[in-house]
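Trainee: Sequences are here, hints too, so could you generate the full structure?
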Amino acid sequence: MELATFLIQLLNGVQYGLLLFLVSSGLTLVFGIMGIINIAHGSFYMIGAYLAWSLTGAIGNFWLAIPAGIVITVLIGMLLEWLVIRWLYNRDHLYQVLLTYGLILVFEELRSVLWGDDVRGVNIPQILAASIPLTENQSYPVYRLAISAVCLVVAVLMYWVIQRTRLGMMIRAGASNREMVQSLGINIHIVYRVVFAAGLTLAALAGMIAAPVSAVFPGMGNHVLIICFVVVVIGGMGSVKGALIASLLIGLVDTFGKVVTLEIGGVKLLPELSSMTVYVLMAAILLWRPEGLFGKRL
Amino acid sequence: MNDNNSKSGKGRETAVSRRGFLKAGAAVAGIAGLPAAFPGIARAQGAKMKIGLMLPYTGTFAPLGVAIENGFRLALQESGGKFGGREVEFLKVDDESEPSKATDNINRLVTRDKVDLVLGTVHSGVAAGMIRVTKESGVLHIIPNAGFGPAAGALCAPNIFRTSFSNWQSGYAMGVVLSKRPAVKNVVTIAWRYAAGEEFVKGFKDGYLKGGGKVAKELWLPFPNVEFQAQLTEIASIKPDAVFAFFAGGGAAKFLKDYAQAGLSKTIPLTGSGFLTEGVLDAVGGAAEGVETTLHYGDGLETPKNKAFRLAYAKTFKLQPDVYAVAGYDSGLMLESGMKVVKGDFTRKADLIKAMEAAKIDSPRGPMRLSKAHNPIHDHYLRKVVGNENRVSGIAIKALDDDPAMMSACKM
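Residue numbers (our numbering), protein chains in the order written: chain A, 1149 to 1446; chain B, 458 to 869.
By construction, these hints were calculated from the structure, which means they are not laboratory data.
Treat the hints with care, as some may be off.
[Said to hold, decoys possible] Simulated pairs of lysine-lysine, BS3-like, Cα-Cα distance not exceeding 30 Å: (1) B/LYS696 x A/LYS1416; (2) B/LYS723 x B/LYS674; (3) B/LYS674 x A/LYS1416; (4) B/LYS505 x B/LYS806; (5) B/LYS671 x A/LYS1416; (6) B/LYS642 x A/LYS1416; (7) B/LYS696 x B/LYS723.
Mentor: Laid out in structure tokens, this is it:
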């Protein structure tokens, strides 16, 4: 592989990894702090993309569509927590999986009723529509770089909120001892509602900003859901830092796994088996550290 | 067709009762059992032909299911609301494009409702499940979309017909087109690695390699992965003379956009099976401009038959027809030409099958007939994306038959 090609692949890997982080950080947040396994997380990636499409159409401006979409998903998240999720805190994980799986079906049907089953597209906003030429025949869209920047900003913001603010303190305290926090006069229900809504909003935000480079189509959330769980498992359940490292790792392994040729004893391992590389990585890390890279010791 | 409303109403009712199948099980079974108890009455002179529609009415493929049904109903309407003078009755099942439910769904039509013919379906996995039952029971079966090779190969049967295409065909046609271009010596293929993807790429290679060209690299993605960046960088570094791609639906839309945004469309022409650019051109907003594909149908086909079809379809359903509607329509034409020969007596199954086999269909796509394996033999067009149309720019290959490997696997 030439150096230029190698560097571009590196960029591809990091860029994919950062987007994965944005989607999966919400999942790990909700699980780590609330102990809720939310299978419907991917649905919000799809909902975000459809919101970006329909709001851009209605408002006529992508930059206004994003805050409007965020407000809508925060409201949906809070409503959902109040309606269904809060009954599950003391239940077994199996109940959570069943209920949130049901939510996937509900959201798919709602999407079909509200927005139909067609493939949609969102235009890249004019100001970011340019490309930077990298080699004689390949260029890199500026919008993809902008996505990476947004993901980095969100990562820093999350770190700051959780580690440096009063709300973050309540969240961390609530995660380690629910009863104690309540007895200190903090309304843990509100904290949980906020965290749940924030987790879903992160997924929806990822869907919204990915919509212009991706296409908007039914079932797009189910695909990211699986890889999100891989990120969370590798990074360690509930660790945001772990999710960041794991996302970057998966982005790079997936990218290079698809293009590097690897042959052992005449058997082509890569790229023929590239669909497995990410899962092989997961298995290897779990053998070494069953709790994930930054998870709490089991 | 003037009682069309009551019929489609009935169809809807049937579909609903199926949804609550478990609850209403006993009642439904009781009603369905009645005709069986009086076979003399059910099969009396003038009994309606029961046609089962097993198509996707929910999910991603729902618009395709509707287009196929509309096309079929249009053909029925044009032959006076009857096939061969025989009135028909529709029974509908939503297959949900769910292979695991295929056997149950087809059994409802074949075993419980005792239909005389089934029309279905879009998804190849579901169609494979249907064939297992229709092949066994011998009920007439017309496949109006699912393009997987074995349907007209190892799984073929006298009572099973396909009016749409085989996956191999549209790949092969593009291969032949590129093999005739001296400047194209080196091609990269990219597709999802699953049965259909492999059939499209095999077709392309069968057509292209004969001309002396070379496939520099075959790139594959696990289905339905849509992260293309790594492969696009790979294509840029190989610098082939052209790329052949197969993706469909949302994946195709994303691929077309990614390919254009990576700047590749300026230097490396993108080609593909026609499905790469079907139904996604509005969504990609210009990113597919100039992409060339091959298929048995396209926009701007100026034959009198196609013009009349498009006009009638638009008038009846207030929708523009597409390639899926054409297959539904042709299924109706094929049945009508068979039923005419047996004068509406669908119990003369052997004669009906023979007549359908021999039918020369004047399809909106152009002339079409069936191969020995019951797969369409039809012209494939070269199309170029202009605006939001797949504009026909010429004939890629005339009267194309199916993959010889599939045909020799068909024993009947």
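Trainee: Take the hints in turn and mark each one as holding or not.
Mentor: Okay, the hints, checked on the actual structure:
no., hint, result
1, B/LYS696 x A/LYS1416, "23 Å, holds"
2, B/LYS723 x B/LYS674, "20 Å, holds"
3, B/LYS674 x A/LYS1416, "14 Å, holds"
4, B/LYS505 x B/LYS806, "15 Å, holds"
5, B/LYS671 x A/LYS1416, "21 Å, holds"
6, B/LYS642 x A/LYS1416, "26 Å, holds"
7, B/LYS696 x B/LYS723, "12 Å, holds"
Consistency note: the structure conflicts with none of the earlier hints.
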